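Under the UniProt record's numbering, the first residue of the sequence shown is numbered 1, with each subsequent residue one higher.
Treat the hints as calculated values from the structure; they're not laboratory data. Computed from a prediction, not measured in an experiment: that's the story for all the values here. Note that the Cβ used here is the ideal one computed from N, Cα and C, for glycine as well.
Taking CB as the label site, the calculated pair distances span:
| no. | residue 1 | residue 2 | range |
| --- | --- | --- | --- |
| 1 | Gly304 | Arg247 | 48 to 54 Å |
| 2 | Val202 | Arg347 | 51 to 57 Å |
| 3 | Met100 | Leu25 | 41 to 47 Å |
| 4 | Gly221 | Leu260 | 25 to 31 Å |
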Amino acid sequence: MNITQATRLVAEREIRVKIRDRTFLFGTLFFLLVAAAGTILPPLLSGGPDTVAVTQEAAGPLRDAGLDVRVVADDRAAEQAVRDGDVDAAVVSGPKVLAMDESPTDVVQALSSSPPVQLLDPDAVDPVVAFLVPFVFAFVFFITSQTFGLQIAQSVIEEKQTRIVEILVAAVPVRALLAGKVVAGAILAFAQIALIAVVAVVGMQIGDSGGLLTLLAPAIGWFVPFFLLGFVLLAAMWAAAGALANRQEDIAAVSTPVQLAVMLPFFAVIFLNDNDTAMRVLSYVPFSSPTAMPLRLFNGDAAGWEPFVSLAILLLAAGAFLVAGARVYEGSLLRTNGRTSLRTAWRERETIG
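Modelling step: build the complete structure from the supplied sequences, incorporating the hints.
Structure (structure tokens):
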């Protein structure tokens, strides 16, 4: 059995075990429900503008429709009120409705005839969307890499505790064990994210958010390769951390560097997403680029060549961490007499597999 066949065998076993796990199935169902609710409910529950700037002549019909009317001196003052954010919309001579980035349906319907609508800033991203998109990208990568990475580490520790690893390494190469676990984790994580994405797309269509889907499509397209490479990088670290431990109780101590590698980029993208310089740097750091670069593409802040360079850096980093993780994994997998230090695992690698 060569290493490719052994890797496939290990990956198939890991996938079969996981898809029978009720925790995994219920967790996936929960995320699907959240995705559906998050895309369907907001458009259905959102209301139209509640404040309208008009001259005295046009105030009557709008007040009758239950809108909050603010009378201004002239059309110029009405437009300025919209630009300043003092009102949601304005009705000027024509008649014509002015709004910043979204057609005010309630105002249009309140008028006796539908006037033309002029969007003063048609390309602007809704502030709520601008806040949620970085959070969603970061949260998806954070929770997926954390959940599946921890499961990889726990699987490695379980095999060491039960001593079944001694039987496994006699049948398959050690690196095939590592590769199989990483491949299985990546497949399961991507499948879960793909299901959530399908539900979200359907939800956007039901909730009449096709415009948002158009804005998100390029960023989502780039998020897929960034997500896969970023997950492989972190999965190698989780597997190596699991091999260093000898009991499930030790996982917290040995996984601290991995936890930091997951958590710090998550919070950095969340809190610094409006800082152009910080986001530019984060989009090239391998641990944060899976979320930072797609976000910059969504905001239109990245040049066409930047995602290719960032992806190449992430690819090289993932390869380097796989090699390093494999060395640590080999150096600690058969050590069952207590927790293994990183230095010991690195310097005294087992000559097995």
